[in-house]
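Trainee: Here the protein sequences line up with chains V and X, keeping their order. Counting from 1, one number per residue, gives the positions in the first sequence under our numbering. Counting from 1001, one number per residue, gives the positions in the second sequence under our numbering.
Treat the hints with caution; some may be incorrect.
Here are the simulated BS3-like cross-link-like pairs (lysine-lysine), alpha carbons at most 30 Å apart as the crow flies [unchecked claim]: (1) Lys269/V to Lys214/V; (2) Lys104/V to Lys1138/X; (3) Lys192/V to Lys1537/X; (4) Lys104/V to Lys228/V; (5) Lys1537/X to Lys1619/X; (6) Lys1162/X to Lys84/V; (7) Lys208/V to Lys1619/X; (8) Lys1162/X to Lys104/V.
Calculated directly from the structure, the hints in this document are not laboratory data.
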Amino acid sequence: MKKFSINSLCSLALLISAYAALQVPGAQAARSAAQQVLPMYRFESFTTANGLPDNHVFAVLVDGERIWAGTENGLALYENHAWKTYTTADGLAHRAVLSLALDKRTGDLWAGTMGGLSRVSGGRIDSFTQLNSGLSNDVVYGVSVDGDDVWVATAAGGCKLNTRTGQWALYNERNTPMTEIWTYGVSATPTKVYYAVWGSGVLEYDQKTGRWDKYDDPDGENEIVLFKDQGLIHEIVTSVSYVDNILWAATYFGDSRYDGRYWHNFLTKDSGLPSNFTNYIKGVDGTRAWFCTDKGLAYYDGVNWAVYRNSLTGGKPEMTVRDAAGKVTHVAVSSAPSHNYVLGIDFQGADIWVATAKGLSHGIRQQPQGHQKQ
Amino acid sequence: MRSCVPIRAVFCAAIAGVALLVLALSVNHTVHADGDSSEDYASPLEVLLSPDDTRLYVLCQQSEEVRVLDASSFAAIKTIAVGRVPRGFSLSPDGARIFVANSWDDTLSVIDTRTLKLTATWPVGAEPSSVVEDRAGKRLFVANRISNDVAVLDAQTGIEEKRLIAGRGASYLTLSPDGSRIYATHIYPNLPRVRTDLDNRAAPESEITVIDATRAVVVDRIPLHQIAGAFHIAFSTDGRLGAVAEYHPKNLVPLAHLEHGGAFAYTLTLFGADVGKPVEIPLDELERYASQPFGVAIAPDKSRIYVSCGGSEMVTVIDVPRLLRFVRTHTGPFAQDLSASENYVVARINVGQNPRGLTLSKDGRRLFVANRLDDTISVIDTRINRVASTIKLDGPKTVSPLRHGEQTFYTARYSFQGQIGCSSCHIDSTFDGLTWDLEPDGFGRDIVDNKLLEGVKDTEPYKWNGGNPNIPTECGPRTEKYFWRSEQYDNLTLADLTLYVRGLEPRPNRWRLPGREMTPAQERGKAIFERAVDKFKKPIDESNRCSYCHSGPKGTNQKLFDVGTRKATDNSGMLKAPPLTGIALTAPYLHDGSAHSMEEIWTVFNPDDKHGRTNDLSKDELNDLIEYLRTR
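Please work from the sequences and hints to get the whole structure.
Mentor: Listed below in structure tokens is the structure:
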């Protein structure tokens, strides 16, 4: 009850602030400036027609000038303008690569697949499965690296591999508060580790104390939000991203931001989110984040939203901008991600790489052009 | 027919008498009558020259010292104590410091070359075996044999930054001449990356791990096909030619054809701009093998490659121009062509017992060779390819029985054409990570995984089928008949060899906490290991409990069991319960190496719970059991 009161007050304050901002002189100019800073991209796409092993791209990861793509038919590496594909014949645990993580210290790539966890190091692939290692389950939806530890989200709970000792630790209903063990994503940092649990909210591990905590939807399994910003928006959590002490959590029924004290929920009806069905979320920092939904790619800069997709009606590339006042404008663009069903994103300087159900797209940052009001 | 009986009886009695004599001798030799303990030996393993060629640094493994000699007079200057069982050392590029990798206490010793004093001892990874500093003096790279990685340390503080995955049994590091790359080799083959029905019979695969010295990341892995055991690498000063000393085992064919070159090829793999793609060339010749190559040096003018051959007690000298002409004008593979080496090997120089590390003077005229098992350094005049002098290191003047046993273990002189010694398969007195088809069981029958020798004392019978009652039989008649196919040991030699093998102590276990404490996972695993009731409250038959077959301090009750792992090629399913000593190190597992990991023993090869009751365990519990087993 106390939480509800605080959240409600905060929401009210935000609304009042936004309304006040619209009333002051110069607000129009401020909105324009905000729109100007929302990034524009020219998208170049890769499919099987130009080297990708499969059009179904589950995950993408940028390592400097190298781009890794986890596809349904192998792990692809784009380097020096050419694609190379690693398959099970090279030691990959399974052809379907669902998740990717980079150990920035060593340069090793970790790939979660439908048949185990693979490490790509200097061109050599070593695979860990539930039969040959301590991995809890072969279906690896998520992977994240923190120091010597590789954190893994599987269909049978979470795991941690200490690469220095080779020791596996398993996390499931027996030693954590999770009630379902279908973990869908993981985000590990030196302070906290978060698991997205499909049907069991968000699980939090405190690296210092070694204690687990759990965040659930206060509305239980209801698919309606009784009170917005009260807590996690839904139990079916698909992805988590912990950046600058801020947790971003995606569900199939909207998304959430948690600062350790307050929750903020994002729904299509009151934000620029193009769909509540969010496959993947990636925080840029504590304020900004990218949302990979089934109806396009969205960017939130803390105030404004931009959506990049092919028009749901005409199919033409479009970029829409929603400002703090909720006004939506269209920006003239000539390209969009190769498909609206977006599964992953990563950043390459000012550019983005977008994994979709039908191809991988490279968003090349453009200088802003003019925009049209809706 | 009747007349044969007495002859047989006499023969059997004679054999029994010899066996008893051998056993008696082996017992007697546990006391050293001459009073010198093998611990007093220096056992020089590696040598280095100071940048100005005035000092010779000798890494003495057994006395655990770095000895500093005058490189001209060979007079002793200083002896500096280091850590336990040092295995590798190197000079910093500026020559100011010596770094020593102490393999048994997991430390680095740092020595100031000006004061010749130990200035620091830094903790590092598991079984550090080699160390190099980058050209900038910012980072140290340490090869860890047990953790199969290369640790990256701050060169000033010793604080570890990260570890890079290397090959299995990572052991030897070399900085490229331009300082841009570090090359790492490993002594055990990598485990197969793709499982097939026949993968316990797959050819071994190894690699040279190539590390960017500036970024400290792995940038390449040069494959070494069919190699199991890669040692030192040397580069020409122009950086265009690299050479690695290695073993090329022929473990996929029955070990019955030593006389046809059937056990090993000892080779170099050449790589770099001079050869293009890596090319493997043999060191052996038609009737003489270059057994157990270890150290490599390339002359400053790139005229010669020198390779120490530990089992053959010699240094092989290769003419580089002739070698390059050969590989450029011939189409490989050459590895098993015993006629190839006559095209480029120009000398074989006999040196001391078990030659290992070697180093060349700046002008290339003097080659120093550390003879590990007779405490000498051979100084070779490279202009005439002869030993010009032999430096005798301070130490016992006599050869103790234990020392003699170790010499016997490492030499290849007893086998046909000097092909193999015990240490060809038991690298550094351990194992080789390979499966072999030994002859006595029939060709293609009873494929067996090679086992660790540490702690082998008092775990008889030996062999997987328990066919050998004791170590003298294992090391004596069996080895002579089926392996050496040549000279037999005399009784004294066999007794000393037995003494050495019995005395091989397990290395420190890295998974154990100090004292007798265990981690919670290890405690839980121990309870599973010792349990008598399964998770469904059903009693587990005594013979199907882990702790029954793997009882006692060494983890074996020394009896034979059928654990359901018999293959169509096995003559029997009855196998001796193997000791658990060092089990975390010795993949692959099971008698024929079918299981790549400990997990696979139970997740793949125990469908009927014959290898202990395990199918009631959850994945968490199986992980706990394995955590406990790693402490054995």
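Trainee: Please name the hints from earlier in the document that this structure breaks, with their numbers sorted from lowest to highest.
Mentor: 3, 4
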